[in-house]
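Student: Read top to bottom, the protein sequences are chains A, B and C.
Numbered per our numbering, the first sequence spans residues 1 to 354.
Numbered per our numbering, the second sequence spans residues 1 to 70.
Numbered per our numbering, the third sequence spans residues 1 to 247.
There's no promise every hint is true.
Taking lysine to aspartate or glutamate and the EDC-like style, the derived pairs with C-alpha atoms no more than 20 Å apart in a straight line are [claimed, not checked]: (1) A:K275 with A:E235; (2) A:K193 with C:E246; (3) A:K203 with C:D13; (4) A:K297 with C:D9; (5) C:K7 with B:E69; (6) C:K43 with C:E33; (7) C:K7 with B:E15; (8) C:K229 with B:E15; (9) C:K186 with C:E246; (10) C:K7 with B:E8; (11) A:K203 with C:D9; (12) A:K194 with C:E246; (13) C:K43 with A:E271; (14) A:K236 with C:D9; (15) C:K7 with A:E323; (16) A:K290 with A:E344; (17) A:K127 with A:E205; (18) A:K203 with C:E246; (19) A:K194 with A:D97; (20) C:K226 with B:E15.
Think of the hints as simulated: they come from the structure by calculation, not from any bench.
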Amino acid sequence: MAEKVLMKGNEAVAEAAIRSGCRHYFGYPITPQTEVAAYMAKVMPKIGGVFLQAESEIAAINMVLGASSAGARAMTSSSSPGISLKCETISYIAASDLPCVILNVQRGGPGLGGIQPSQADYWQATKAPGHGDFHLIVLAPSSVQEMVDLCMDAFDLSDLYRIPALILADGLLGQMMEPVVFKQRKKISLPEKKWATNGHNNKREHNIINSLYLTPEILEKTVLERFKRYDIINEKEVRFEETNTNDAEIIVVAYGACVRIVNSAVKMAREKGIKAGIIRPITLWPFPNKIIEKRAKTAKAFLTTEMSMGQMVDDVRLAVNGEKPVHFYGRTGGVIPTPIEILEQIEKIIGGLR
Amino acid sequence: MPRVTFREQRCKGCELCVSVCPQGIIEILDERLNSMGYYPVGVKEENMDKCTACAMCAKMCPDCVITVEK
Amino acid sequence: MSIVFQKPDGLIDVPTGYCPGCTHGITHRLVAEVLDEMGITGKTIGIASVGCSVLAYNYFSCDMIQAPHGRAPAVATGVKRVLPENFVFTYQGDGDLAAIGTNETIHSGTRGENITIIFINNAVYGMTGGQMAPTSLPNQVTQTSPYGRDVKTAGYPIRICEMMATLDGVAYAERTAIDGVAGVNKTKKAIRKAFETQKAGLGLSIIEVLSTCPTNWGLSPIDSIKGVKEKMVPYYPLGVYKNKGEK
């Protein structure tokens, strides 16, 4: 039985990365994720790994590009404004078919915003993490344990598909302390990184890591080939969690730290006799469209709750496809909604249905 | 006898080699175009005996057009 | 008959896209010659930047990475930290290194990364059609300084070697010029010295090579070489600005 340790989210995710074999972390201080860098700074030198505080978030993600090109498991972390800085190079990394892990511990925005938690980078993560046609695998933990588990999954998925993975966390998850277990994981079979630029030693053709294709037909071809991998991920890697949806009249869709509040609200609703259920996406890309489509046939309404002005609600609406009404409730700027507020929304919607 | 060989199809006619040859034996070859659309340079056979294999032409060439032998 | 001079193995045998007389071709060859002569081509990873030399990954026969504009030293840092026994170099133009990438340039020097930066300074942005560069000279006419660079509004050119030499992590900094065969020879020696510095693990090495852009200077290749000597060298003095290896 593995040992249970009480850990802060930011530190737990750093430890998870290390246990995933990541020995190259490049970061820059920004609240509320600086503890990731501080932890890496303490631990990496002790295990022969590399911790480097870069001159900027831009430099950090470019160091990740280099380290990944050389065949290593590399990671960077930041928070909202810092992730914006990284976007150009994230596009390059995706377009060069390089694996890596990026952690966004979201804070209030836009602009310099605030340092309290938010979920207002959903669009950035799932729709436009950088210019051009590409996707990241986006994983949304909702507990410190999931910060650990999904981080370790992120490295595996990223290497398996040669697609960068983004862990979309928030300040709540980064700062909270919960008991975690670092479980023994089944080792998955991963292909050798024959494409890495690690010196050909005159034994093979030279490898090129590149994203420039000046001939439109060739560029289109590379994008189409990449989208074929996205199709496979869409088939195989969708993850979500359902609670009480079988008989639910109202289904609340929420992810990350927000779903913990929704859990309380839905529990209170059930105690009041309201048939409420929850769908919690764990992969935000690929988005769990099929389950929402399925439940749209039996539920009477959906409520999406986010710590933003409503970003994931767009994807819920697309999946529901007009079958049933999709409502939204959110708080932004770093304000965290309370269970009572969400319960009131549920009651209002149910009242409207009667 | 020293000899320089020019890969005519790679030459862009920039004439940097022409400007540095101490013997002044490199010239545009009879105004004939190569497949890239440039006027390539070379050394006429009758001038080859003046070549000293100093390789200044080859060092100045941006396109690795010239091989120098001695 | 023995070969006195031929194309080095460190360069792939393809025609380049560079303009006639562009000195990129010369400096590419010098880097390739040094790598071959040191026997390290197979252990080297080069980082191509954004600019005319973006396609360098098609020309050098070592492993190559194409980096975002200005970020090559950061990418190189990532590679070198994973593969400290390998050789890593960046190949950057004046916009890449001295405009958008100045921060990465400086900090790779601050940290003393054991990489080699080959800096091609031709005082103009070539690939995008001849705009003003941070290294464009006062009164230089370019597409974005059509009345000549006015130092009052557009500022003064930046001297990278001098600046980098002030950083303790920079182990070797030299400025050379492709202003003739002698300049070509000196540039090769400097590039060799840079890679020897990397081999000895002394810190960052940077070679600034004053170069030409015949197309955007509006000069013939031969006159461009003269231009380097007559116009650029006076503003950017040649020489060794830092040499930690020197006792």
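Student: Run the structure past the numbered hints and jot down the numbers of the failing ones, going up.
Tutor: 1, 2, 4, 12, 13, 14, 15, 16, 17 and 18
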